[in-house]
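The numbers in the numbering used here rise by one with no breaks, and the one at position 17 of the sequence shown is 17.
These are computed hints drawn from the structure, not numbers from a lab.
Built from N, CA and C at the ideal position, the CB exists for glycine as well.
One or more of the hints may lead you astray.
What the hints assert, rightly or not - Label pairs and their in silico Cβ distance ranges:
1. 54 <-> 81: 53 to 63 Å
2. 48 <-> 77: 52 to 62 Å
3. 17 <-> 47: 20 to 30 Å
4. 10 <-> 66: 53 to 63 Å
5. 48 <-> 87: 23 to 33 Å
6. 82 <-> 30: 20 to 30 Å
7. 44 <-> 23: 19 to 29 Å
8. 47 <-> 82: 21 to 31 Å
9. 78 <-> 24: 44 to 54 Å
10. 28 <-> 78: 51 to 61 Å
11. 66 <-> 44: 15 to 25 Å
Claimed, not checked - Lysine-lysine pairs mimicking DSS-like chemistry, simulated, CA-CA at most 30 Å apart:
12. 84 <-> 42
13. 72 <-> 35
14. 15 <-> 69
15. 69 <-> 35
16. 69 <-> 84
17. 84 <-> 49
18. 35 <-> 15
19. 69 <-> 49
20. 49 <-> 35
21. 12 <-> 42
22. 12 <-> 69
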Amino acid sequence: MRTIHDRGMDIKAEKLYLIEQLARLEDIEIIHQIKDILSSQKEPIAGYKPGGGPITRSELVARARDSNKAIKEGRVISIEELEKESENW
């Protein structure tokens with residue numbers, strides 16, 4: 001079995017490898033098994049963070065709620081303030 005550590009590959013490369021293998025796969029039973037594994041994930045992946053790691057649906061919803069709360073509480077800054085602040089980064 002291939003692992004990230006065995007080949008020194010990052011997760012994107014591993015995914016691409018799996019996509020290539022799936023594209024060639026003709027065994028419907030294996031395809032069903034893969035679908036079962038993917039659907040059995042405890043929490044669905046809703047997207048990916050800038051670094052490539054997954055973000056789950058509940059994490060995304062929590063971030064949206066936190067953002068909405070911050071807006072309602074006035075904890076926001078203007079684009080101009082952000083640009084000025086970013087000059088010090």
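Cross-check of the supplied hints:
1. 54 <-> 81: 53 to 63 Å: 32 Å, violated
2. 48 <-> 77: 52 to 62 Å: 26 Å, violated
3. 17 <-> 47: 20 to 30 Å: Taking Cβ atoms as reference, residue 17 and residue 47 lie about 21 Å apart, which means the hint holds.
4. 10 <-> 66: 53 to 63 Å: 29 Å, violated
5. 48 <-> 87: 23 to 33 Å: 29 Å, holds
6. 82 <-> 30: 20 to 30 Å: 49 Å, violated
7. 44 <-> 23: 19 to 29 Å: Since residue 44 and residue 23 have Cβ atoms about 23 Å apart, the given range 19 to 29 Å holds.
8. 47 <-> 82: 21 to 31 Å: With Cβ atoms ~23 Å apart, the hint holds.
9. 78 <-> 24: 44 to 54 Å: Taking Cβ atoms as reference, residue 78 and residue 24 lie about 52 Å apart, which means the hint holds.
10. 28 <-> 78: 51 to 61 Å: For residue 28 and residue 78 the Cβ distance comes to about 56 Å; the hint holds.
11. 66 <-> 44: 15 to 25 Å: 20 Å, holds
12. 84 <-> 42: 42 Å, violated
13. 72 <-> 35: 41 Å, violated
14. 15 <-> 69: 36 Å, violated
15. 69 <-> 35: Distance ~37 Å between residue 69 and residue 35 Cα, so the pair is violated.
16. 69 <-> 84: 24 Å, holds
17. 84 <-> 49: Between residue 84 and residue 49 the Cα gap is close to 26 Å, so the pair holds against 30 Å.
18. 35 <-> 15: 15 Å, holds
19. 69 <-> 49: 21 Å, holds
20. 49 <-> 35: 24 Å, holds
21. 12 <-> 42: 22 Å, holds
22. 12 <-> 69: 34 Å, violated
When the structure is compared with the earlier hints, violations turn up for hints 1, 2, 4, 6, 12, 13, 14, 15 and 22 and for no others.
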